[in-house]
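J.: Protein chains in written order, with our numbering: chain R, 56 to 161; chain H, 146 to 814; chain L, 93 to 289.
Among these hints, one or two may not hold up.
Stated by the list, open to error - Restraint-style ranges between C-beta atoms, simulated for each label pair:
1) Asn150/R - Glu245/L: 37 to 45 Å
2) Leu772/H - Tyr118/L: 48 to 56 Å
3) His779/H - Ser248/L: 26 to 34 Å
4) Glu245/L - Asp764/H: 49 to 57 Å
As the list claims (entries may be wrong) - Reference excerpt, derived from the structure (chain L facing chain R, CB under 7 Å, subset only):
5) Leu137
6) Ala139
7) Ile156
8) Leu159
Worth flagging that the hints you see were computed from the coordinates, not collected in a lab. Glycine is no exception: its CB is placed at the ideal position from the N, C-alpha and C atoms.
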Amino acid sequence: MNLTEFAVPIEYYIGLSSVLFFLGAIGVVLRRNPLIMLMSIEIMFNAANLALVTFAKAWANNTGHIFAFLVITVAAAEAAIGLAIVVVVFRKRQNVDVDEVAALKG
Amino acid sequence: MIVHHILGVDGQFPLLYLIWLLPLFGAILLWAFGPQLKSLAGPIGSALIGTAFVASLVEWGLATQAVGTNGAMLYGAHMSVLTWTKGFDFGLLWDRLSLTWTLIITGVGFLIHVYSIGYMNGERAFARFFAYLNFFVFAMLTLVLSDNFVGLLVGWGLVGLASYFLIGFYFDRPSAVAASRKAFVINVVGDVGILYAVFLIVSKIGSIAYGDAFAAAQSGFTPGELTTICIALFIGCAAKSAQVPLHTWLPDAMEGPTPVSALIHAATMVTAGVYLIARCWPFWVNSPDARALVGAIGAITALTGAVLGIAQWDIKRILAYSTMSQIGYMIMGVGVGAFDAGVLHFLTHAFFKAQLFLGAGIIIHNLSNEQDIRKMGGLRKQMPFAFAAILVGVLAICGIPPFSGFFSKDAVLYETLVHGHPWLYAIGALTAGLTAYYMFRLLFVTFFGTYRGDVDPSSLGIRHPELAGVHAPHDENAHTEHAHAPAWLMSVPVAILMVPATLIGFLYLGGRESVWVKFFAPVFNTGSESAATPILSELASTLLVLAVVLVGIAVAYIRYARAGFFANPIERLRLESIRMPAPLTNALYFDLAIDYLVVKPTQLFGKVCARIIDPIVIDGAVREVSLSASWLGHLFRSFQTGLVRAYAFVIVFGVACFAAYYAIAGGVH
Amino acid sequence: MIAFWILALAMIASAVFIITAKKPVYSVIGLLANFIALAITYLTLHAEFIAVIQIVVYSGAILILFLFVIALLSSGTKAFDVGPDKMPKAVLPAAIVAFVALGFVLVGTLRDKLGPAAGVVTATSDQTGTANAFGSVADFGASLFSINLLPFEVTSFILMVAVIGVVLLAGDDTPARKTGRKEHNRESIVKRESITR
């Protein structure tokens, strides 16, 4: 499986990563549905991972891979906790609108 | 190392620690286990002090032996208890001066402990009383045995504390609490004086040891410094030894139980000032100004105490003022440079004044805490033993030969002449006459005539029976409910005290050639001071004082012991009470003066602080700080919307700022 | 090159779909597409192990978790609905800021492209799938368990904390109270306490 017959500048990968990251950020900022916010966060994680893997390739150093792996692990933990919070909030308030959950308002 | 000392390996006087620490042990024991020990507390406390007394005697013997081997050296022994740095070790000092005081503290202390078993029998806090007494003895021994100024200061403070405890022993009586507080505050004023003196000494010579300080007395200080040190030390002496104008706490201190008055406020603690001056004699010898001041203050105090003693009706207050007056003599003696005479007067006074107080205590005890002599009278037949005790004490204090007071007072007065202070001699002689007058007044009014205890108080001129004197009855029920302790517990100590009160003066028989002077010759090595030729010979001086004393006695006899008085004593006493000059009934307005000169300005300053400085300056600053914190909090609170998406937006915005920075700055290369 | 562009377009399109979808279920579908495209992109970068992990963990585990939660929340009496996405006042500045930042980042990353080539991702001589090649499982494992062992172990600790946290957060304490079975309640408390310890 050789898909890299043509040379692709690594900047393109970084650009793709940035676009994905900001799309995720926009999702987090604009959506009120906590599930979609969490998914947007996953997009951002993935964008970061893409950048890491790209750098690993560019410098031929697999520490980037390790880092991406750890990010995936932590992302899994984050998703689990985030979803658990969503479940708890829903159970307590029968509502998961993040704008309604503002008990920390100063 | 301490173990070594206790075993006496390198200390000549192994029992010194025992003498010093036994009372502390007793205090802790009685404090901790008082409720369990119950009535055993008194005997245990007394036994410990008695043991300390016996140990002191043994140590005296050892010291005498040591003198035999060490030649004419004063037997001083420095035994380090704690060593801090060079010049700062705490040790015990065993020389003839500390020996004298230790013997009095433990000996008279022991007798008064025994007496207290009878006197305090059935009190609520029997064990607490003995714990305090033991603690006092420990504190006083710390003061006396310390071989440095810091130890002295510690003891000085601790005796003040013990005095505070014991004056306020009946802490449910407001007057007792007020008296204890007054005593403590005035004593702390004195502590500050001594502290200042210690600071001066240490800053000058870098050592707290007596030896270093006294070695430097001759040339280590400038005359001004030395005088300052002496005056600072004397402020402490004046507060502790009730010298004018810091004497006002002593009469009030009679709120304490009578044995306390006898031990602390007559025999031992109040003479700490005499001890301090005698101990620091090299300072005084080298500071003529300080000597003049101290001698004058002593004479003024002696006269003041005697004058005020005339006007008192409360038997304990009479004795308190006489104590003040007699300490004035001592201070006058040590002040002018007659250290051995001053110390001799301390010795005799400790015996006869303790005896007077204990005799008064017997009366008070038997009359259910009646202290007003106007309500006594004719007690000679009811209480012959108390009469004998008081009679011996009165004769001694008046200086009737051959009682002890005669020798010591005579010595002090003659020495003032020898050291060239005829005015002080005149005041002292006058005081002797006044003393004879008011002491015999006490004797006559109390023991002669008819008993007046059942007379209506107002007809005796007692205007406020509940305020007259300090005899607010305490625990009368306690006294009536329990069976009285065996009478011998109270009478035997008094009987024992009678012997030295009568005879101890013979130590001075022979004047400058006496046993006493030779005993202290190595201590007070004042050298060949140019002695002025006294204007009176010793015999003339003695006879003059005796004559004045006899005049005083005669006046008292004419006023209180003749048919004119006995015909209608009640009316006479009433008239005298009413016509008593206001300055005398108000204690020469010393309290008033202190109130207006010290207390009121201090209170005014406090009010200024409380009304202006504190609310505006300090509170203002605090309030501004807190307000600014609150304002910042309001500011930052508005950022906390609680909206997750708003937070996310802020984060994105921050990322955008970073991105912009690196894009414009060209990124990281 | 063509593959890159196809994958990039797929990912961007799916991401846009995710953040604009009406219902979370649609977003999950978009996310699935996004992940698969990303996994293929990883392969183009010679990151075989990461690509596999991407499929297994993300597509296999996390997405299923999302689906479960959606199903769980939708199964109640009340429909799972958060109502319309009212755009907050910040929507316009947020979008502008995000796009400006994106523009800056792109400028920052692509600026040097016009200059001398800083580096390109080219086909390497060794084929993917070769043992011990860069990015292979063997290469990754050797690195992970040698010099990167500590981060690995720390991550495991983080995962454990996450598990405990999830149990505590979503742990069910209401049924016991509702049914009034105190025994069960006490049991669950004991169990919770033992977990927290």
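J.: Now tell me if each hint is right for this structure.
T.: Status of the hints after comparison with the structure:
The hinted range of 37 to 45 Å is satisfied by Asn150/R and Glu245/L, whose Cβ atoms lie roughly 40 Å apart. Between Leu772/H and Tyr118/L the CB atoms are about 54 Å apart, so this pair conforms to the stated range of 48 to 56 Å. At roughly 44 Å, the beta-carbon separation of His779/H and Ser248/L lies outside the given 26 to 34 Å, and the hint is violated. Separation of Glu245/L from Asp764/H is about 56 Å and conforms to the stated range, judged on CB atoms against 49 to 57 Å.
Against a cut-off of 7 Å between C-beta atoms, the interface hint on Leu137/L holds, since the closest Cβ of chain R lies about 5 Å away. Hint on Ala139/L holds. Least Cβ distance to chain R is approximately 5 Å, under the 7 Å limit. The beta carbon of Ile156/L comes no nearer than 11 Å to any beta carbon in chain R, farther than 7 Å, and the hint placing it at the interface is violated. Checking Leu159/L against chain R: minimum C-beta separation of about 10 Å lies over 7 Å; hint violated.
Checked against the numbered hints listed earlier, the structure breaks hints 3, 7 and 8; every other hint is satisfied.
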